[in-house]
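K.L.:
Chain by chain, the residues run as shown.
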Amino acid sequence: DAGVTQSPTHLIKTRGQQVTLRCSPKSGHDTVSWYQQALGQGPQFIFQYYEEEERQRGNFPDRFSGHQFPNYSSELNVNALLLGDSALYLCASSLGTFNEQFFGPGTRLTVL
Amino acid sequence: SQQGEEDPQALSIQEGENATMNCSYKTSINNLQWYRQNSGRGLVHLILIRSNEREKHSGRLRVTLDTSKKSSSLLITASRAADTASYFCATPPTDSWGKLQFGAGTQVVVTP
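Chains A and B are the protein sequences, given in the same order.
When the first sequence is numbered by this note's numbering, its final residue is 114 and no position is left out of the sequence of numbers.
When the second sequence is numbered by this note's numbering, its final residue is 565 and no position is left out of the sequence of numbers.
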């Protein structure tokens, strides 16, 4: 039984570019949440998707957007990248919004 | 601002010793969760304690919760080198468990 998977593992982009990160939830899970973790900090909630809709959103600008597909996988898109967007992006899945979240290994994004 | 704040920021102990870390939070909670993160990778869920529980055990882990003081502690007994990691407490809002709010974490180093 595969856990939460994320791709790519590492990514290097230039300021102003756009990036798409992908997440496949744990088998049987239907809810995906995304977090940003800067170096030395705890994860910060970006948003959560359930039934293909954004259900909750943290304090992130509109440059951060997402999508959930019918198979429950999800994408995180970031436009007009800034140096400060460099971070580890974590995806977590759960069954519904009131259950324990299982995290993927993360995607390390570096913006130059 | 972060909901949970861990203390200490860093902890260095020898194998066999116990490690204790604390977490304080600001608002009312339904539950509090502890996670472990190895070397900037994905988070592993360790234990969940509900607001009506005062103490919970899981293997070598012991978690306490004092809702009157808005604080929790995580004790790792008989630590091992493999326990070297960052430990985070996280609290979800009462209307959904999706938007986990993490502290900055306690970095634990266990030396052989």
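No lab work stands behind these hints: they were computed from the structure.
All C-beta atoms, glycine included, are put in the ideal place defined by N, C-alpha and C.
A few of these clues could be false.
[To be verified] One-sided excerpt, in silico: chain A residues whose CB lies under 7 Å from chain B:
1. H31
2. F47
3. N61
4. P107
[Claimed, not checked] Residues of chain B clear of chain A, computed beta-carbon distances all greater than 12 Å:
5. E459
6. N475
7. H510
8. L528
9. G558
K.L.:
Let me make sure I understand: some of the numbered hints might not hold for this structure. Which ones are they, in numerical order?
P.N.:
Violated hints (numbers, rising): 1, 3, 5, 9; every other hint is consistent with the structure.
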